[in-house]
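Sequence lines, in order, name chains A and B. Every position in the first sequence, counted from 1, becomes a number in the working numbering once 25 is added. Every position in the second sequence, counted from 1, becomes a number in the working numbering once 25 is added.
To be clear, the hints were calculated from the coordinates, so they are not data collected in a lab. These figures come from a predicted structure and were not determined experimentally. Hints are not guaranteed to be accurate.
[What the hints assert, rightly or not] Below, computed lysine-lysine pairings styled on BS3-like, alpha-carbon distance capped at 30 Å:
{"no.": "1", "chain 1": "B", "residue 1": "K250", "chain 2": "B", "residue 2": "K220"}
{"no.": "2", "chain 1": "A", "residue 1": "K250", "chain 2": "B", "residue 2": "K220"}
{"no.": "3", "chain 1": "A", "residue 1": "K220", "chain 2": "B", "residue 2": "K162"}
[Claimed, not checked] Partial list, derived from the structure: chain A residues whose beta carbon lies under 7 Å from chain B:
{"no.": "4", "residue": "Q161"}
{"no.": "5", "residue": "K201"}
{"no.": "6", "residue": "L208"}
{"no.": "7", "residue": "V214"}
{"no.": "8", "residue": "A229"}
For each residue, glycine too, the CB sits at the ideal point set by N, CA and C.
2 protein chains.
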Amino acid sequence: MSARILDGTRIAKEIREKLAPRVQTFAARHGRPPGLGIVLVGDDPGSEIYVRNKLRAAAEVGIRADLERLPATATLDETLRLIDRLNGSSAHDGVLVQSPLPAAMGEDAEQTVFDAIDPAKDVDGFHPVNVGRLVQKRDALVPGTPRGVIELIDHAGIVVAGARAVVIGRSDIVGKPVAMLLLHRNATVTICHSKTRDLAAVAAQADILVAAIGRAAFVTRGFVKPGATVIDVGITCVTDPAAARAIFPPGHPRLADFDKRGSVVVGDVHPEVAEVAGALTPVPGGVGPLTIAMLLTNTVKAAEARSA
Amino acid sequence: MSARILDGTRIAKEIREKLAPRVQTFAARHGRPPGLGIVLVGDDPGSEIYVRNKLRAAAEVGIRADLERLPATATLDETLRLIDRLNGSSAHDGVLVQSPLPAAMGEDAEQTVFDAIDPAKDVDGFHPVNVGRLVQKRDALVPGTPRGVIELIDHAGIVVAGARAVVIGRSDIVGKPVAMLLLHRNATVTICHSKTRDLAAVAAQADILVAAIGRAAFVTRGFVKPGATVIDVGITCVTDPAAARAIFPPGHPRLADFDKRGSVVVGDVHPEVAEVAGALTPVPGGVGPLTIAMLLTNTVKAAEARSA
Numbered sequence: 026m027s028a029r030i031l032d033g034t035r036i037a038k039e040i041r042e043k044l045a046p047r048v049q050t051f052a053a054r055h056g057r058p059p060g061l062g063i064v065l066v067g068d069d070p071g072s073e074i075y076v077r078n079k080l081r082a083a084a085e086v087g088i089r090a091d092l093e094r095l096p097a098t099a100t101l102d103e104t105l106r107l108i109d110r111l112n113g114s115s116a117h118d119g120v121l122v123q124s125p126l127p128a129a130m131g132e133d134a135e136q137t138v139f140d141a142i143d144p145a146k147d148v149d150g151f152h153p154v155n156v157g158r159l160v161q162k163r164d165a166l167v168p169g170t171p172r173g174v175i176e177l178i179d180h181a182g183i184v185v186a187g188a189r190a191v192v193i194g195r196s197d198i199v200g201k202p203v204a205m206l207l208l209h210r211n212a213t214v215t216i217c218h219s220k221t222r223d224l225a226a227v228a229a230q231a232d233i234l235v236a237a238i239g240r241a242a243f244v245t246r247g248f249v250k251p252g253a254t255v256i257d258v259g260i261t262c263v264t265d266p267a268a269a270r271a272i273f274p275p276g277h278p279r280l281a282d283f284d285k286r287g288s289v290v291v292g293d294v295h296p297e298v299a300e301v302a303g304a305l306t307p308v309p310g311g312v313g314p315l316t317i318a319m320l321l322t323n324t325v326k327a328a329e330a331r332s333a
Numbered sequence: 026m027s028a029r030i031l032d033g034t035r036i037a038k039e040i041r042e043k044l045a046p047r048v049q050t051f052a053a054r055h056g057r058p059p060g061l062g063i064v065l066v067g068d069d070p071g072s073e074i075y076v077r078n079k080l081r082a083a084a085e086v087g088i089r090a091d092l093e094r095l096p097a098t099a100t101l102d103e104t105l106r107l108i109d110r111l112n113g114s115s116a117h118d119g120v121l122v123q124s125p126l127p128a129a130m131g132e133d134a135e136q137t138v139f140d141a142i143d144p145a146k147d148v149d150g151f152h153p154v155n156v157g158r159l160v161q162k163r164d165a166l167v168p169g170t171p172r173g174v175i176e177l178i179d180h181a182g183i184v185v186a187g188a189r190a191v192v193i194g195r196s197d198i199v200g201k202p203v204a205m206l207l208l209h210r211n212a213t214v215t216i217c218h219s220k221t222r223d224l225a226a227v228a229a230q231a232d233i234l235v236a237a238i239g240r241a242a243f244v245t246r247g248f249v250k251p252g253a254t255v256i257d258v259g260i261t262c263v264t265d266p267a268a269a270r271a272i273f274p275p276g277h278p279r280l281a282d283f284d285k286r287g288s289v290v291v292g293d294v295h296p297e298v299a300e301v302a303g304a305l306t307p308v309p310g311g312v313g314p315l316t317i318a319m320l321l322t323n324t325v326k327a328a329e330a331r332s333a
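Taking the hints into account, I'd like the entire structure generated from these sequences.
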């Protein structure tokens, strides 16, 4: 048996294709496209890639996306002033600050900055008002990754109501919100984490298993009930040859990739799970593309709500 | 075997006794006691009892509590104006609106009213900002009942970290926040509800079982792992003699109470669970008294924070 692969790239494309006419309608009605302001502080190489992908995806559907850069030496106050300007800008319906902020800004800087974003423009859904409204099952801007997980499950026609769902990971960005979204769709939801005992046995009760812990290939065959749907949120770049060889068997095409590039992107789910799961999201090409598609959806939603 | 009974009345008394000197210190420093404004719209008999209990408990610890009444014919606007006045009042550190509002006010009135309370004075913890901050594990005003559940567990010396906790019920007021509080204390948490399949089997995995569904004596022996801690949040007033006799065996003292008064207060947990559980909260006298104690604690906390 081999799992059905849930193609996030294809679904993200469908979502963008449905979004484009909404963007056009908005632009025709308001004389401007929906606008997204992206704040990038410093020069983290990973952030550069993420931001570039967001800018490109926005442009593809006709959303205006402006990159606002601050140097790595910027202060928290300068960052807050920039957010304030974007909050007040009539051209920007969405505002996001690319994580992480420079460490020099202090430990609480990120939450301070997220709190400063107008909740109506908070397209990343990190403001407590949006977190609270999500928990209360009210209209809210919901973070892109958990929304993407639900889109993948829905597009695959997997029944959530009555299912046992297990979420491994309890981050504010993925674990907790995805647990709430599954709960609101009537799954019986268990949240696991680093302190969970017998994690594999708990996970193996799941009809729907969401892995969001950020540990490469952590979820092995023993974590998965045969036939379960497995959603892999993790993205780890493996550069250690021994680690890569421990994950992929000799002759595996991903191992050939590794030998060519010196690195390979691996999810939280071990490749052997494909032999047990009923459905499985690949990494890359699973949840990742959905995250950006849902960010764009949030931007259009915020634009429509702001001008309604 | 017979479960250890977790005496909420005693613990609530301890909490109030610790609170009284904090109230005195505040009053000495600020020339006024912490103040709580309670809004009661209409004349629901249950609400009258709840409000009276809150007023009395506040007075006992030295908190000033003012009851602000509106007639059952009051409009939503009138209610919002009253909240606005209490939000602006320097004598009131906490504001709460007794639920339920008159049905005539409309379906969304309650959330509209809760949203209107200044989050810094939201001692019931129903404002989305406080819900969001709770989920984010930040300082927040947390609803009294879930906070009371945690106090009961802590006072009993029950270890939460690593335990499997199952919460039956997913309300905004109890189920979801208690799940979050248990998660933040490193329990592995499962949230069950009316759509959960094999509910008894799922519940029986719990080391800590929280019943918050509002169905009298619903949780029977088969739901409980021997030795588990069972927290009973339900309060149902049973007036049907057949129902009372189905719950309590002949000769049970609670049945004698029923025969005397024509009603008996029953929790979500069946009395037979006392023979299986390791620890159990009674109804009445378990979670109930804690709810009000935590409301008072929130009021003092809000007062201290506002004047800090």
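Cross-check of the supplied hints:
1. K250(B) <-> K220(B): holds, 21 Å
2. K250(A) <-> K220(B): holds, 21 Å
3. K220(A) <-> K162(B): holds, 17 Å
4. Q161: holds, 5 Å
5. K201: holds, 6 Å
6. L208: With a closest approach of 6 Å, the L208(A) hint holds.
7. V214: holds, 5 Å
8. A229: violated, 13 Å
Checked against the numbered hints given earlier, the structure breaks only hint 8 and satisfies all the rest.
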